[in-house]
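2 protein chains.
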Amino acid sequence: MYYIGIDLGGTNTAGGIVNEKGELICKKSVPTDAKDTENLVKNIGGVINSLCEENGFSQNDIKAVGIGVPGTVDSKTGTVVYANNIKMDHFPIVEKLKAYTDIPVYISNDANVAALGEAVAGGAKGYDSVVVVTLGTGVGGGIILDNKIWEGYMCAGAEIGHMVIEVDGEDCTCGRKGCWESYSSATALIRDTKRAITKNPDSLMCKLSKEEGKVSGKTAFLAAKIGDKAAQEVVDRYIKYLAEGIANVINLLAPKCVLIGGGISYEGDNLLIPLKEAVRPLQYGGDLVDHAEIKLCTLGNDAGIIGAAMLGR
Amino acid sequence: MYYIGIDLGGTNTAGGIVNEKGELICKKSVPTDAKDTENLVKNIGGVINSLCEENGFSQNDIKAVGIGVPGTVDSKTGTVVYANNIKMDHFPIVEKLKAYTDIPVYISNDANVAALGEAVAGGAKGYDSVVVVTLGTGVGGGIILDNKIWEGYMCAGAEIGHMVIEVDGEDCTCGRKGCWESYSSATALIRDTKRAITKNPDSLMCKLSKEEGKVSGKTAFLAAKIGDKAAQEVVDRYIKYLAEGIANVINLLAPKCVLIGGGISYEGDNLLIPLKEAVRPLQYGGDLVDHAEIKLCTLGNDAGIIGAAMLGR
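Sequence order for the protein chains is Z and H.
Position 232 (the first sequence) corresponds to 232 in my numbering; numbering is contiguous.
Count along the second sequence starting at 1, add 313, and that's the number in my numbering.
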């Protein structure tokens, strides 16, 4: 049996056909009409139909369609409660799609769906409980327990970036102070790199950022690798706070695997090796207990399509 | 159908017969033989048999026996991995009990079991996802998702007190610094009350503690109620940190209910009203989202028996 996954973004609507194992067979992308929701739905219907027609599938071959939505959803009623980027407010997307397909349709939040994709077929394949931590503009992610997305009451769960790890600490975009996101997002790393550059105008970090024309999430990691001491301090502090948050998640939920994704995860072993080292002593029970493995996401942009497809499995 | 729950403590082994609704029908308690595990098991068997005989139940009336164990358990294999108080190390308690009863036996950690009791028949009756936070010597608790205990990998989950809310903050007994427990346990409240007394030797707190002969978790709450400003500061700070931790749990898991138990919870509305007020602005999504209800535990010491009984439901 096969499944269709739709990764509904503010810019593009990407879809794919996925098999029972979570392997992506084929994919297709069209622009999202973010201004006209009726047309947006019609285009999703179009993606579903063309994926089948162009790849020799009949709609009977497809058990379910899943959609990852960039916003708050009520998965039980198939309603997008609120999605700013695509202008949806209590929009019954599942009902609307019935005009275009007879295949059952499921929805969930896009971050949750991507986490499910990584758990089923990506970096955490084979683990039944996984927390995915995405280090990008913010710190997002998803919680997979017993192979299912944990959505929480009103589908409001897994706002893992908005766990305070320093009371009265750095300002967070959410209004709290000291959220994990305000230390471990790429945005926070860039802020801290800029601060360190101001304090250390002769550092390699400063030189590299001038050459690149900007400070990025890579600046401190790159300068530290070459031996810049001030940059190493930025990286060490970044990893320290990241480790505190990951240890919190492990102590609270004891997942079998914590997966790291998002832009900063492309640092690979430069991030992962010191991170594992830093998390170990912070885990409750220390060496007496087997703790979660910490690994990297592997599916990149396909996680959303694959995870969405797996909603109906 | 009926169930037997056993709350296995370091001092007493308390058992009870519980009906399908989680109502306690009758109970019995015997001393725990913490030095002789074989005898301890025999005594559990004795409690099971006398509960039935003395109350007119046949073993056929009992669907399952559940045991809450004060330690780390492997619920799948029925083994107590480690329990310091009752000297168990990889002890196959479920297997051993087969010598005394034919009723199926289930085990889980005692804090998890008490949380299940509160979720099924106590303060969170009717809520399918509940996080119980116990404010005692430490900060403990349990996580109930879809009406079941979330035990986590190696049954190591729900160490909710060991979530850092202040990086490099107060020393915690676990070895980390700044754990929620090191701000929100009764132990932490007593420490902070003592510090405030040292700074404010003329305060009412100081007078009350001298009269009582000690500083307790009640001292600051009582003095604050009478109007002691220094005590009010202690209480305000205690509630602030408690609120930060509860908001973290809500943002991460979005349970339908957060239940507060343990010694400090006996402050009742003096705790609950300002706590709810403090949590509200810290919840992600603010007033746009319906958030968890915050309530108090209601079963007291019976939570362990009732929750244990519900393991087999």
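Quick caveat, the hints were computed from the structure, so don't treat them as lab data.
Just to be clear, a hint being listed does not mean it is correct.
[Stated by the list, open to error] Straight-line distance between alpha carbons at most 20 Å, and here's what the computed PhoX-like set of lysine-lysine pairs gives:
1) H:461 / Z:240
2) Z:256 / H:461
3) Z:177 / Z:148
4) H:589 / Z:177
5) Z:76 / H:569
[Said to hold, decoys possible] Quick list of simulated restraints, FRET-style, between CB atoms:
6) H:412 / Z:269: 50 to 60 Å
7) Z:280 / H:606: 11 to 21 Å
8) Z:269 / H:390: 33 to 43 Å
9) Z:56 / H:314: 19 to 29 Å
10) H:589 / Z:146: 28 to 38 Å
11) H:590 / Z:137: 41 to 51 Å
12) H:314 / Z:268: 37 to 47 Å
13) H:488 / Z:201: 32 to 42 Å
14) H:376 / Z:56: 50 to 60 Å
15) H:581 / Z:20: 52 to 62 Å
16) H:395 / Z:99: 37 to 47 Å
17) Z:46 / H:395: 51 to 61 Å
18) Z:95 / H:600: 19 to 29 Å
Think of the CB as a built atom: it goes at the ideal place given N, C-alpha and C, for glycine as much as any other residue.
Results of checking the hints against the structure:
1. H:461 / Z:240: Outside the cut-off at roughly 34 Å; violated.
2. Z:256 / H:461: With a Cα-Cα distance of about 18 Å, the restraint between residue 256 (chain Z) and residue 461 (chain H) holds, given a limit of 20 Å.
3. Z:177 / Z:148: Violated, because 31 Å separates the two Cα atoms, which is more than 20 Å.
4. H:589 / Z:177: holds, 18 Å
5. Z:76 / H:569: Within the cut-off at roughly 16 Å; holds.
6. H:412 / Z:269: 50 to 60 Å: holds, 53 Å
7. Z:280 / H:606: 11 to 21 Å: Check failed, 37 Å falls outside 11 to 21 Å.
8. Z:269 / H:390: 33 to 43 Å: At 36 Å between Cβs, range holds.
9. Z:56 / H:314: 19 to 29 Å: violated, 54 Å
10. H:589 / Z:146: 28 to 38 Å: holds, 31 Å
11. H:590 / Z:137: 41 to 51 Å: With a Cβ separation near 32 Å, residue 590 (chain H) and residue 137 (chain Z) fall outside 41 to 51 Å, so the hint is violated.
12. H:314 / Z:268: 37 to 47 Å: Violated - the Cβ-Cβ distance for residue 314 (chain H) and residue 268 (chain Z), about 55 Å, lies outside 37 to 47 Å.
13. H:488 / Z:201: 32 to 42 Å: Once the Cβ atoms are compared, 39 Å apart, the range 32 to 42 Å for residue 201 (chain Z) and residue 488 (chain H) holds.
14. H:376 / Z:56: 50 to 60 Å: holds, 53 Å
15. H:581 / Z:20: 52 to 62 Å: At 54 Å between Cβs, range holds.
16. H:395 / Z:99: 37 to 47 Å: For residue 99 (chain Z) against residue 395 (chain H), whose Cβ atoms are near 59 Å apart, the range 37 to 47 Å is violated.
17. Z:46 / H:395: 51 to 61 Å: Holds, since residue 46 (chain Z) and residue 395 (chain H) (Cβ atoms, about 58 Å apart) stay within the stated range.
18. Z:95 / H:600: 19 to 29 Å: At roughly 27 Å between Cβ atoms, residue 600 (chain H) and residue 95 (chain Z) fall inside 19 to 29 Å, so the hint holds.
This entry does not satisfy hints 1, 3, 7, 9, 11, 12, 16, going by the numbered hints stated previously.
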